[in-house]
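Here is what each chain is made of, one letter per residue.
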Amino acid sequence: MDLTPTAEQEAIQASIRSFLESELPMSRVRAIAEGAPQELEAPWRRAGELGFFGLAVPSQHGGTGYSVIEEMLLFEELGRALAPGPWLGTVLAAHALAKAKGDREAARRADVQAGRSRVALIDVEEGASGSEAKDDRFTLRDLVVADAARAELLLVLHGDAVRLVETSAAGVGISSGQVFDATRPVARVSLEAVPAERLPASAHALRRIGTALSCAEAVGASARLVELSVAYASVREQFGRPIGSFQAVKHRCADMSVRAEAARAATIYATLSLRDESDDRDFQLSVAKVLAADAFVQNAADNVQNHGGMGYTWECDAHFFVKRARSFEAILGSSRRHLDAIAARLRGA
Amino acid sequence: MDIRFTPAEERFRAEARAWIEANKPTDLPDSRDLAVRRDFDVAWQRKLHDAGWAGISWPKEYGGRGATLIEQLIWFEEFARADAPEPATLFVGLNHGGPTLIACGTDEQKAEHLPRILRGDTVWCQGFSEPNAGSDLAGLQTRAVFDGDDLVVTGQKIWTSFANIAEWQELLVRTDPEAPKHKGITWVICPMDAKGIEIRPIRTMSGHDEFCEVFYDEVRIPRRNVVGRINDGWRVAMSTLSFERGTAFLAHQVRLCRMVEDLASLARVTPLATGAALDDVEIARRIARLRAEVEALRSMTYRSVSKTARTGVPSAEASIIRLFFSELQQRVAALATEILGVDLLDLDPAGSRGRSDADPVRGEWAWRFLAAFSSTIAAGSKDIQRNIIGERVLGLPR
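Residue numbers (our numbering), protein chains in the order written: chain A, 5 to 353; chain B, 62 to 459.
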């Protein structure tokens with residue numbers, strides 16, 4: 005039992021961090037959010053060249069041949085950087101395409117792994133009203149989907165089925181307007197009997213991976229929020245002292261770090277449970293989601309408070325985290341849904 | 062990264078589990094009489110000792126098990142999972158006094174005390190806190206002056222558990238009142254039968270005498286009882302406290318996990334107007350959140366043990382775990398009191414109204430709820446823990 009990263013994993017994480025610090029610094033994230041989406045194109049292509057989208061894909065299928073653990077480290081860094089872009093959909097598509105056979109699938113796989121195709125993730129419960137799968141065609145009415153407006157592909161999880169839709173296909177309607185979280189803009193997606201090729205993959209398995217990786221993203225952001233608050237509280241002075249010397253602020257920062265650490269430990273444990281296919285992996289993933297959502301939402305709020313009046317401004321980065329925390333809470337099952345799953349387990353159901 | 066234990070560790074777990082299951086005493090006395098409790102603990106500790114399980118974290122050369130950190134984790138998990146009773150009256154000797162002597166004591170001190178502590182022959186108590194030195198422990202004022210071969214101690218200690226049945230006390234005294242406060246303290250072994258010691262029990266909010274005040278009126282302690290260097294007692298004491306926050310703490314977390322399971326059992330059998338409390342969406346979600354948090358606590362502990370095993374030094378995050386644990390324990394106990402409602406108020410007989418096989422600890426919640434108040438005060442209050450996290454983990458200015 006060892007929940008600390010190996011030297012190799014530390015090196016991987018450090019290299020991802022230095023890549024994101026130079027290619028996607030907060031100034032560029034802000035530019036993308038403020039209306040220059042093309043700013044993401046170069047870093048995205050570069051990430052594809054570095055193999056970031058296929059970390060867990062076996063090397064015989066063009067991937068890097070690591071596991072979901074290394075992907076977890078990637079997403080922790082993406083969260084820390086508050087990186088925009090459809091990372092989760094693209095990485096999950098790489099998973100879904102890993103075992104696909106045929107020339108067309110191989111070409112798709114190569115495009116996704118190289119970052120030439122960006123993939124938005126759609127998660128639909130089986131039997132959800134307005135959704136219908138028929139003869140490799142898929143219909144879906146008016147769903148809010150993150151990053152759909154700038155994606156070439158849609159990865160549709162429907163029950164346990166996994167489908168891939170081209171956004172350029174006839175019958176695909178994507179409309180976007182003003183959004184709450186500009187670092188992860190949503191669009192409204194409607195599909196009218198569009199061609200949707202079924203992939204040989206399990207949507208349940210992809211949801212598990214997606215939950216682990218999005219929790220890792222929330223963990224990275226939560227830890228980054230502790231750093232931002234501590235940095236500001238160490239230099240901002242009032243009453244002739246740094247405000248971080250006051251217990252009211254210091255103790256709030258301490259609570260932030262407790263939440264971040266609890267979320268990180270739960271997420272690491274859950275991701276290892278997933279890798280090892282432990283019997284309790286779904287429970288562990290629910291635990292991680294509850295703790296990660298709590299850490300992200302609360303730390304983002306506390307970070308605004310720690311920055312005082314500046315924290316309320318557009319100029320301060322604090323609000324981007326507040327908004328992204330809500331994006332996280334809303335995808336792949338809310339905390340409430342995961343709490344209900346844990347409660348069902350307690351009832352012995 | 063790996064959550065699996067090695068085959069050798071799994072064998073150790075199987076061995077520990079089998080032994081504890083076969084040997085744990087089930088006749089825990091239902092008495093608050095400390096002499097009775099002591100007899101029970103001594104018998105249990107002797108059994109552990111004779112089977113080679115005493116002093117799980119103590120080095121082999123001092124008669125301990127010399128277990129690795131991971132084995133200690135496994136041992137305490139199994140101990141708590143089996144609900145084996147803690148030898149509570151022996152806690153200070155086994156987890157503070159003994160380890161401090163191992164780290165800082167003379168050969169004579171080790172030879173005299175360590176085997177007796179390990180066998181459960183002697184009870185130790187702690188003499189650290191004072192009425193005016195709680196969170197600010199280094200501000201302690203109990204004076205000791207050298208007179209020939211003796212230290213002469215005058216002052217007062219407080220919150221001392223088991224003072225009235227202990228043979229020995231780990232005592233912090235001020236030997237240099239002129240020096241800066243951390244530099245004038247000495248750690249000394251005090252015989253509790255010495256002339257001039259007076260012990261008065263303190264009644265807690267639960268109505269029980271849990272600990273004592275200890276008064277010292279020119280108490281003479283031989284100079285050879287000083288542990289470490291004179292005026293270096295702060296450093297010696299800090300090593301003691303790091304043991305307290307070390308692996309012995311692991312069992313508390315497993316017990317807290319059981320407490321959440323008890324909470325679910327309570328909610329399962331407690332009727333509300335609409336059905337069982339556990340079928341109420343709000344209550345079920347609140348219990349589920351506590352279940353998630355106690356699971357995260359375990360993962361945090363595993364991570365902390367992993368780090369310590371790798372680096373060899375106690376993880377700086379111990380205060381994070383301690384704070385998370387103590388507040389969680391209070392939330393668990395408080396939710397139980399809400400679910401019990403009016404049944405909480407009736408402690409007679411033993412508060413067990415409605416107790417059943419499915420809910421055997423129904424009568425315990427009132428005491429657990431009250432006892433939980435001490436969890437954010439004892440061993441460093443939650444406010445001090447937040448200071449430690451803010452200053453030592455995050456590097457915020459003092």
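You may find that some hints are simply not true.
Claimed, not checked - Pulled from the structure, derived: some chain A residues nowhere near chain B, Cβ distances all over 10 Å: (1) Glu45; (2) Val176; (3) Lys254; (4) Gln302; (5) Cys320; (6) Leu350.
As the list claims (entries may be wrong) - Straight-line alpha carbon distances no greater than 20 Å define the calculated EDC-like cross-link-like pairs of lysine to aspartate or glutamate that follow: (7) Lys108(B) with Glu76(B); (8) Lys368(B) with Glu14(A); (9) Lys108(B) with Asp88(B); (10) Lys368(B) with Glu25(A).
Derived from the structure by calculation, the hints contain no laboratory data.
Note that the structure is predicted; figures quoted are calculated from it, not measured.
Glycine included, each C-beta is placed from N, C-alpha and C at the ideal position.
Results of checking the hints against the structure:
no.	hint	in the structure
1	Glu45	holds (34 Å)
2	Val176	holds (38 Å)
3	Lys254	violated (4 Å)
4	Gln302	holds (13 Å)
5	Cys320	holds (20 Å)
6	Leu350	violated (5 Å)
7	Lys108(B) with Glu76(B)	holds (16 Å)
8	Lys368(B) with Glu14(A)	holds (14 Å)
9	Lys108(B) with Asp88(B)	holds (14 Å)
10	Lys368(B) with Glu25(A)	violated (27 Å)
In this structure, the earlier hints numbered 3, 6, 10 are contradicted, and the remaining ones agree with it.
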